[in-house]
Amino acid sequence: MINAFLVFNGSGQPRLTKFYTQLDTSIQQRLISEIFTLVSNRPPGSCNFLPLPPLLAASGTSSSSSSATEQNDVPSFVTYRHYATLYFIVISTSTESPLALIDLIQVYVEALDRLFENVCELDLIFNFETLHAVLGEMIVGGVVIETGLDKIVSGVRAQGTVVKRPVNEGRGGSTMGAMAAGFQGMGGNFVWHGR
Amino acid sequence: MFEKSLYDLIRGLRNHKGHEKEYIQNCLKECRSEIRSQDMDLKATALLKLIYLEMVGHDMSWASFHVLEVMSSQKYHQKRVGYLGAVQSFRPDTDVLMMATNLLKKDLAASLPTLIALPIGALPHLVTPSLALSLLGDLLPRLSHSQPAIRKKTVVTLYRLALVYPETLRAAWPKIKERLMDKEEDPSVTAAIVNVVCELGWRRPTDFLPLAPRLFELLVDGGNNWMAIKLIKLVRTPDLLFATLTPLEPRLVRKLLPPLTNLIKTTPAMSLLYECINGIIQGGILGDGEDFSAREEVASLCVSKLRGMVSGNSDPNLKYVALLAFNRIVTTHPFLVAQQEDVILECIDSEDITIRIKALDLVQGMVSSENLVSIVSRLMRQLKASSAALLQQQDALEGQDVETDSSDETGNGSRRRSRPKEQPPLPEDYTIDVMGRILRMCSQDNYSNLVDFDWYIDVLTQLVRIAPVHRAKDPDLSSSTSASTQATDISERIGNEIRNVAVKVKAVRPAAVRAAELIISRFSTETVSSRPVISGALKPLAWVVGEYAYQLLSSDDTLRNMLNLVPRIDVPEVLATAIQTVPKLFAHIAEDDQALWTSQRKSILSLLMARVIHVLEPLAQHPYLEVQERAVEFIELLKLTAEAAAGQAPSTNELQQDPPLLLTQAIPSLFTGWELNSVAPGAQWNVPIPDGLDLDKPIHPNLGSLLAQADHLMLPVQGDDEFEVYYNQKPAPTSISSGPAIERLVDGPEEIVGSYQQAGEESYLDADIIARRKAERMERNRDDPFYILGSSRSEGTSTPIHNILQKENGPDLDIDSIPIMQLDLDKLNLGNNGDQHQQRSASSKPKTRQRIVIEADETLGGSGTATPRHYESENNSDSFTKSKAKKLKQQSLLHVDSSHLMGLSLGDADGSRPDDGFAHERQQREEAEMAQAMKEVQRLRLEMQRANERIQVAQGVPVEGIVVKKKKKSASTKKAEDSGVEPASGEGTAVVKKKKKKVVKKDDEGGESTVVKPKKKKVKRVVKLDGDDDANNAGSTATAEEGS
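Taken in sequence, the protein lines are chains A and B. 195 is the number that UniProt numbering gives the last residue of the first sequence; the numbers go up by one with no jumps. 1044 is the number that UniProt numbering gives the last residue of the second sequence; the numbers go up by one with no jumps.
The hints are simulated quantities; they were obtained by calculation from the structure and are not laboratory data. Some hints here could point you the wrong way.
Going by beta-carbon spacing under 7 Å, a handful of chain B positions derived as facing chain A [said to hold, decoys possible]:
#1 Asp59
#2 Arg91
#3 Lys153
#4 Val156
#5 Ser188
#6 Ser314
#7 Asn317
#8 Ile357
#9 Ser387
Every residue gets a Cβ at the ideal spot worked out from N, C-alpha and C, and that includes glycine.
Here chain B stands alone, though its shape is the one from the complex (with noise of 0.2 Å):
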């Protein structure tokens, strides 16, 4: 024999140091045939190595069966080998689970205590719901049974079966109460329910109100810290004291309060005296009432504590657990943690990055304009020195082994060891997650905090610069993605609060568009040229210096840059972004018309256009079809004016030449219009709707056949249409337009249907381009009198509110439902609404505090009938919706769901009255459990059909089909016929139920014994019982009528 023990396996693992994985692939195979060998020890024992070997990462699910195997041995330590290997390796979708229940029954019914405890310590990882109602009976004695171990651990076992099964607790509640009451009890006994009432406590809070004075008797003289604490934990839930028990309340706080400022004072163990000012806090003892003076000695007692547990040289931990009540108090009471404050920040600059993060929990809701400042250097302190550490790591790393890029974990881990000296970088995750607090505490209720902003934009130029930026090999890991878009995310937040600065305080956009200048040139030069340019901050930034072209120092460089930055780029929203930047700032530099049009200028900007054109070029062949369309757009724009300004020669001494007006008038006006602000999400449908306008109504009564002909039309003459309004047309806002004004007339409804219905599917930015094209368009037709009397659609939407708006005091104008137009009342001066274009133009006044919205799908998204109340509801129900998926995605991990608890009434406990929610809930419970009970008949039904099939096919018999197809016709007409019955007759149904039932217990038995044979044959019984259900299954009840 040479089989491997458990020990073997270790120490062959130990030698095998290097090639683990071939070592425990072949182990892996040995144990495979082991396992399937009749030698019970044989069995155990891989089983016992196939567990380690789970441990360490090894799947071991196909094994169940053998589990099970083991589990029904009949020698103790085999038994405990299964057991364990159930425990370890058995998941929600273990399909013999369903056989375990009879051995398990038997196993609980065992007299040896030792072999009791294996199915009771195994069921918490076990338990189903339909597991839990056939082992509840079983379950129950032993809840007294004479050995305190098996009582202790029962009681903790109901526990969990109340979780997937809430009923247990109506049978079990009384018993672990009557366990409680018993003042013989076993002390650990008593322990172990204090435990499990503190983990029901806080979900059923109501059901233990009758506990409270035996639970306080234990807590006063229970002698044992860890009950204690516990007790505390229950007393410091604040429903208990609070929600529930508000009339119980006064006596049980009086009460209470004594003993705990005694334990407070007396106790010796920190992690009790810590617990109890946590309760008193938490539960409120603090709160208002009668008895002040005695609440503020206890109040004083405990924040004094607990200052000393944070400050100075204290226990770490002391400090961590010490902010964690910190946090908690400030919620409740904003004042007592805000005197701590000093403490507090020292912590921020704890080299414990837990306690940092506590801190900083903190400090976040206790940031002023006084402190900001101070909080935020603090911050960004250890932010740059750990970026600086990084790069010096990284340096050194590219210097010694380029490969490990690739392997990120290990290459970080080996790093921060063969570096202990040095203050080590900080991980990612954390520093992003401080950038987002800077960030938050700075744009916090719209910037209230912020003094000086020239210094918020230098942060934010840094922040750019240390921002942690993945590389390029990295999102090929799946592991890294959430960390690499995490990173995107919060070099894009940076950016985005650049671009709200300059959107939003008018008096630092300079320095801000500057700020933007400087981080794109740092981009296009510092990094290397081959590698793309990732950094999400460069979307809002390439927005910004595009949007206010103006305001850049030299625009001829930006456009170098970005036409450097561009080819690299490759995320597409980012892409999008930069090519609407290169046609801005080209614009920009094009626009000067005073200058005369000389040879020289026409040869730079010829060479201009051909560069960028020749930049743009590749870009018409995106996938990502936003990037694609805006660059085949300014291809062509670009090529005819490169066309206009060759054909325009240039001035001469003698000839005076006028630049092409396409490239001085056309181009600029593309982008020039009203300045963009900031609009909060959901003003959109805060904007009245004007009378008159009736959404519902069809636009037009015979819109189908027009949107008919407009297909019609061909694509090239429209877009030569296009052209020439732009090329001929100087489109200044004054003109009147005569003949392409009424040509666009025609198009006009149809235009703005299309981008008014496709305006949810649009990302923002695309939006906005709309938003910018409307306004041009109706700042170019705003004194056109053809334009506004001919499309009654703009007319209905846009004008009336724009009258309004300038006349302004208009008495039909509700100024409130307009958010932006309510924030400026709110901060600026009065005198600055004289503003023409006060829904778009921002105040001049400097510094000036709008509303910090980032604009957001929301914002346009939705419906056009929206009205503000239905987006409210829309908001709601979005949020609901994510807080739907959050919950979800909770729930994935580790996640104990006790929720179930909370439907269940423990009041009647008796069942006197079964109420209906719940007799609803047990219903559902019975069906979901037969259709279990059915899927696992029709799985064994079609085990056996496929074993008679298989003796059909060896014994060849031909003439069966005929009579299977007359038996299926037969089968099916009966399920029709029970089908309609069904629903009459509850009683029948009942009745077939209780027979399937019965029938699966037999299945039950059969499958325990794990011999195969006399399990078909009991299947076979099943068959005829019920197989007139599916007919799909018709064949194979043939069959095995056949075959019986």
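Just chain A, with the same shape it has in the complex (with noise of 0.2 Å):
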């Protein structure tokens, strides 16, 4: 299952956190910079997954010596995806398939491109309650329950309106206005038709 979908920002400002376990506000905090140290060293090409961070390795590395189920119940794959300015995290067990999540947060970002019409960080940062709703749409108590786009947009639009960046807050004068650009390229980027 789904240990925790995260998004952050270049700067490791958090956008989205979600734990599908009760966890201290303060583990949180630092599990994301954890992650974000881990995420923003990686060299260009390197694969989209990271090695456990610290606060988990530690449980990760002893349940290779317990038994194998009880290894599906640790968190044991860290994946991520960078779309423009942000990173887009997924924690979750060995019972989810690695080459499946990364297809699901491309299903998750789609999912905002179409809701907001070239998304853009600054979408997500003044519409986080959205996010939430788009993430409920798609995973329940950690475990995915849609990834068609259009059941995932209409369920989202069914609750209600989905604002639209503030006008005056123009993505020109926006330093993070370049997420939109980043989705031109992303269908071509990643190939395997996963879903």
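Both chains are sitting in their own frames, so use the hints and assemble them into the complex.
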């Protein structure tokens, strides 16, 4: 199952945190900063998987000695994708397929893109409730419930209108507004059609 | 109105770059007052802002009650904020959850689908066993809601409910199954169910066997890749195919293989392809059995696909997952992986650390004596390059800004980003990991893969140099302590390896000792003299140079270096060892009794002693006792020696003078004796107990009085005796000690007993010394007939074994039970066993491969009576507790414990035969629930009591006190009666319990409406019903009844 879904930007500021187990705020922050240090030091062209951050590694390595079934309960993958200024992180156990998780993040971002039309980081900053809503349509309690783009989008729309980014907060004036550009090239980036 | 919206908050945050903290604190303050307002809109906005701030790391647990208030709002968008707040901020210890039950019930029964979705989506985050119990009934009907979106969410929520309250499954599983079997069901609901089944499957494979046909059908013509992946994951679960389904397995495999192969050949989706391969290999479909050729074909197909993924310039993600697959295969099909050695080795040099680590995992299992050197040198090259880069950076950093030292993390980050062109240094924990792996690979199976030890020593020397050393300031930072202890740990491990080689491989001992000497001289010269030395390697290395001082190139230089280092060591354990090294080295320098006692030699040695004493003197006050003791011992000894040396006039031309014996004989004899060998952990337990030794028998019938007598002895007198022994007597191994030996006899038993009993508490170094002293004593007294006859204790333990070993082929010796000997027999020529003290001396054969074990604490710990079997069990229990501790640790973070599910059997879903284990479980749960309810009641009661007290204080009723007292008494007696009855009649208690439950429920209803007053009224009723259960609260009951 999925243990956590995180979004933060290139300087480590969280944009969405969702932990599927109850965790202290301070520990959440530590975990985020640990993952951020890992993710921000990746050389270009490396894979989308991170080694376990120290906080999780303690349990991760010890699980290798315990039985295989035990291992399924413990977070063992940290999958990430990098779009423009944002990092999307999924922490999951070994019952999830690592490649499918990459696709899952893709679906999430595509859904956001559809809802906001050329989404950029600003949209996410000001509408973090919508971020939660989209995630809620895809993952419940750490289990993926929907991967179909249309259903996700309609599910979110059913909850109310999605607010567009504030007009005066123009994309041109923002340093982080390049997100949309990241999506243009996105379609061709990854080729497994996992869905 | 000047309240900020979330939008304003975020804009403000962005406009206050630089002093966000201040701004946030202000906002928090505002939110605190806003959230208390009566205006629901304001409340909800404040909550939304708090949720945003929580994401950034500002605790909002204090607002949990307000979250509840917003949750109960009538407006959907406010409610949504409330639920979001609950999901994001409720923690296991949030106590307002009890009050939410009815709200959740109500929302679950709402007519609007979006409204129903809120509690369903939030429940997985909030659920507790008691909540699950009370909501199960409301949740189940949602499984057949008209909207598929609700249905699929409900399925997952039920799964999460089952995790904390397994009983859920009993009720929910049949319905979920029904959904799954329904071919008309919405495909996304089916997919969600498959996901849940996948999560449940590995825990409870048996229950899903009946589903196999349907799942198979879904796999073959489901057309949904996501679902297919999950289904294959389910297949992959080894249990499903192997352990539980053994009778069914062949059929299933035969059925599965064609579609899987088909998928592999046709699917365009890489993820599905990978999972198919993974599933085939993991599910053991490659395994043995009939139909060999077909399997062979599949196997080669899979492995070749994986190989394609790993090799060359393929997608790094594929590389990673392929390595992941190899890592899984390697346990079952090592030969398949071994064929891919070349491509895997390439991955070690990948610039992506994730891939490297996975490759290393694999490589570690593939080392052999042929490829060890090449693998290790690959790794060493990486490490060296990284450490060079790091050094460069540090230099640059030191030049521009020294202060960033303290904030390590930010410093690292900025440094790395500022120099993107160069190869960035490897992260510290990775470096440590790799070093650990190098050591493990080389020392595996007692160095069986290692051919060239000189090379190994060079590698180790290099490793010590590049091992990450945490900076002196770091220990203050709590976040970095784990990393820094790791760092000292790894350098200590490297040092330990040098020591192990020095101890075990006699042929390269000179080289090892010289390496140690070199490293120590580097330590003393290269580091800044004001900074403490923190490399953990110093400890074993200091031991090596001390123990094998005769192999040193220059013991004078080494002693000087050690004296330089000692004041700068700040780890007491290391310091203790280093202190020990100093007199060892000194003894070696002073030992030479052939040389003339010239005035030059006299002055050199006197100066040296003065220097040593000067260095050790401050340590006599050291807070760490071990250090203190050693320092004091050696200071006193050296002072005496210095006195003796000063008293001995140097030889002149006419008169030949011998150097003082204390210098040339006594001190060296402290440290020479038998050579120390590595002892297997637990070897101690394997020493057979000699015949006639009864460990349970008291050592002396009057031990108590003897000890009391010993207490009366004046300490200084004893000390003098000791010194006299050292001073007057030449403690040559063959000497027959007359007077002093008898004196020792008196002390003998007590001394030995002391060391036996303390052995468990002392660190291994300590024990080391004890062992050596014992050995020395034994050697000194070996031929002393008085000693042997007189001391029954030492005779019982050591002498018979010793004799037996000398005879070697004694009929009653169980050679196999002494592990060291066993190893000697295994690995050495039998001829070598002619050695007299086989147990202690190493064989002289070069590059022997003795058992590689570092003397561990367990060797000497525990009770002296332990038999080998005892040792085993103790060891087991030790590892058991360790694993338990690990488990606890695991559960601490992000770990969703699903182990409860194991206990529940779905087989008897109709509940026709409730098994005892389950009934017990349920009972326990009920009890826990009850306890929780009682706690709540208690709390409310206290609250009310306080309120009452306030009233009383206001009214000023003095007589009340007496009444309370009386009531108290009666209440307590009542309680006694009650507790007397309770165990006798179970029915009665059940009734009581039921009553309580009802009351609690009522209480909840009261709590749900946010008004406070009516709640209190109801609580009063509660008090009346079961106020007698707690004598402590009798006073409050009394007042409560008074009030009503």
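Hint by hint, here is what the structure shows:
1. Asp59: With Cβ-Cβ at 5 Å, under 7 Å, it holds.
2. Arg91: Since the shortest Cβ distance to chain A is 5 Å, the answer is holds.
3. Lys153: 5 Å, holds
4. Val156: Interface hint status for Val156 (chain B): holds (4 Å vs cutoff 7 Å).
5. Ser188: 6 Å, holds
6. Ser314: 11 Å, violated
7. Asn317: 5 Å, holds
8. Ile357: Interface hint status for Ile357 (chain B): holds (6 Å vs cutoff 7 Å).
9. Ser387: 17 Å, violated
Hint check: violations occur at hints 6 and 9; the rest are consistent with the structure.
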